[in-house]
Each structure stands twice: as structure tokens, then as C-alpha cells.
Amino acid sequence: GENVEQHPSTLSVQEGDSAVIKCTYSDSASNYFPWYKQELGKRPQLIIDIRSNVGEKKDQRIAVTLNKTAKHFSLHITETQPEDSAVYFCAAFLANYGQNFVFGPGTRLSVLP
Amino acid sequence: KAGVTQTPRYLIKTRGQQVTLSCSPISGHRSVSWYQQTPGQGLQFLFEYFSETQRNKGNFPGRFSGRQFSNSRSEMNVSTLELGDSALYLCASSLQSGGGNEQFFGPGTRLTVL
Chain S
2 GENVEQHPST LSVQEGDSAV IKCTYSDSAS NYFPWYKQEL GKRPQLIIDI
52 RSNVGEKKDQ RIAVTLNKTA KHFSLHITET QPEDSAVYFC AAFLANYGQN
102 FVFGPGTRLS VLP
Chain G
19 KAGVTQTPRY LIKTRGQQVT LSCSPISGHR SVSWYQQTPG QGLQFLFEYF
69 SETQRNKGNF PGRFSGRQFS NSRSEMNVST LELGDSALYL CASSLQSGGG
119 NEQFFGPGTR LTVL
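Chains S and G are the protein sequences, given in the same order.
Quick note on the numbering used here: the first sequence kicks off at 2 and runs consecutively.
Quick note on the numbering used here: the second sequence kicks off at 19 and runs consecutively.
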């Protein structure tokens, strides 16, 4: 079936460094790609999203890029802080297969002080 | 505006029993989706309800069912519980159905099956 791959599964960075998480999707008709942050014991929270008619979107230290041709999108976090430590999930809305969201397996980001 | 709420927050059941979980969406949101989250399988889509109708369904057995009421509140039922049903069940609400609509998650119901 349709799936979303996400890499890396774990990522450790020093405080102040940048972190990049990459996702690939298989449904070429996917048109909406949100990113969620889930802290331990808490609910997933949307941190940024991008639609298929946009190549890049930025919100302060967080940015997302989308390459429709290659069918991949990436999350970029600059000037990381310890409070950025969490599990990050990417997702793609499948327009052709059941009209639902498929999530990547998650990336555990640890920001070391 | 109040966020998405789920009840109960924790449940312990035994194999063979059934369980009903409840989700109250953000006021004005008409779409409610349910997800199962486990360490091994991640977040998996169960089904979506919009205007009291099931719009989409994931790849789960028929033991998993749901419904939505006229006030958009949704319930999810799991019958004949199995050990593998132990998971965090999350619901998410959005204004409308379909892509491009931001989903807001509830805190989840942690179900443990013994």
C-alpha cells in the first residue's frame, strides 16, 4: 500500500546546530504534507505544513521544503534548543488512495546542551 | 476555544472484552479521524467520520468500528479485544474532510489489554 518513509529514525545534535529530517512518499497525487511534534506523553502537535503548490515554507527556526518531482519533503530546524527534543512525524495526505493521512514512522530528535 | 478532548484517558481491559472510546472535537469541526499509535507500527489511520458518515477506513479488522453523532462527537468501539490492541488511541478533528485541512489531536486514550 501507500506509505511514507522517514529518515533518520534517531538524530542527536548539539544545541545551536541544525537538524534535518527527510520524508519520501509514493502517491504522486498527495497534496498536503504536515509535520507534527510529539513530546513524551503528549499529543502530536502541528508545527508546520506545506501544500503541493508551494516549494518552501518557513516559520521562525522551522522550515519545510517540498520536491514534488522526487516526491520528498524535509523539515529543517535551525539553532536547535533542548526544548526541540521530541519525536517528529511527517505525514502525507493521500488523494488517490482512501483520502486519508499516512504518517512516517517518526524521528526521535535529541538536542544535547 | 477548547481543544479536542478524549475520554477516558486510561483503560485496562481483558482479552475478549469490548471497549468504547469517546472524542469531542473542537467546536465547529465536523471531521473526526481516529488513529492507533504503537511503538512498533507508529501512527496508523483507523477511520474518518464527517457529518455522521464514515468517509474513509484504514486497514483494520471489522472489530474496530465507530460512529459520529449530530454534534460531531465521535465514538470508537473495539470488540473482542486482543493483546495486540494495546495502544494509544488518538482522535483528531478538522474543520472539513480532505487534504489541506489542519488536524488537531486529542490527548489520547491509552488502552491496555491484559
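Note that these hints are calculated values from the structure, not bench results.
Some clues are possibly wrong.
[What the hints assert, rightly or not] Restraint ranges, calculated between C-beta atoms of paired labels, are given here:
| # | chain 1 | residue 1 | chain 2 | residue 2 | range |
| --- | --- | --- | --- | --- | --- |
| 1 | G | Asn119 | S | Lys59 | 13 to 23 Å |
| 2 | G | Gln59 | S | Leu41 | 12 to 22 Å |
| 3 | G | Ser40 | S | Leu41 | 42 to 52 Å |
| 4 | S | Gly56 | G | Leu101 | 25 to 35 Å |
| 5 | S | Val21 | G | Pro26 | 36 to 46 Å |
| 6 | G | Ser97 | S | Glu57 | 21 to 31 Å |
| 7 | S | Glu16 | G | Ser97 | 15 to 25 Å |
All C-beta atoms in this analysis are idealised placements derived from N, C-alpha and C, irrespective of residue type, glycine included.
CB of Ser97(G) to CB of Glu57(S), is that within 21 to 31 Å? Violated: the Cβ-Cβ distance is about 46 Å, outside 21 to 31 Å.
I want to verify a distance hint. Is the separation of the beta carbons of Gly56(S) and Leu101(G) within 25 to 35 Å? The hinted range 25 to 35 Å is violated for Gly56(S) and Leu101(G), with Cβ atoms some 46 Å apart.
Taking the beta carbons of Glu16(S) and Ser97(G), is their distance inside 15 to 25 Å? About 49 Å separates the Cβ atoms of Glu16(S) and Ser97(G), which means 15 to 25 Å is violated.
Has the hinted range 13 to 23 Å been met by the Cβ atoms of Asn119(G) and Lys59(S)? Since Asn119(G) and Lys59(S) have Cβ atoms about 22 Å apart, the given range 13 to 23 Å holds.
Range agreement (Cβ of Leu41(S) with Cβ of Ser40(G), hint 42 to 52 Å): Violated: the Cβ-Cβ distance is about 24 Å, outside 42 to 52 Å.
Using the Cβ atoms, figure out if Val21(S) sits within 36 to 46 Å of Pro26(G). Taking Cβ atoms as reference, Val21(S) and Pro26(G) lie about 39 Å apart, which means the hint holds.
Mind checking the hinted window 12 to 22 Å against the Cβ distance between Gln59(G) and Leu41(S)? Because 19 Å falls inside the window, the suggested range holds.
Checked against the numbered hints given earlier, this structure breaks hints 3, 4, 6 and 7; the rest are met.
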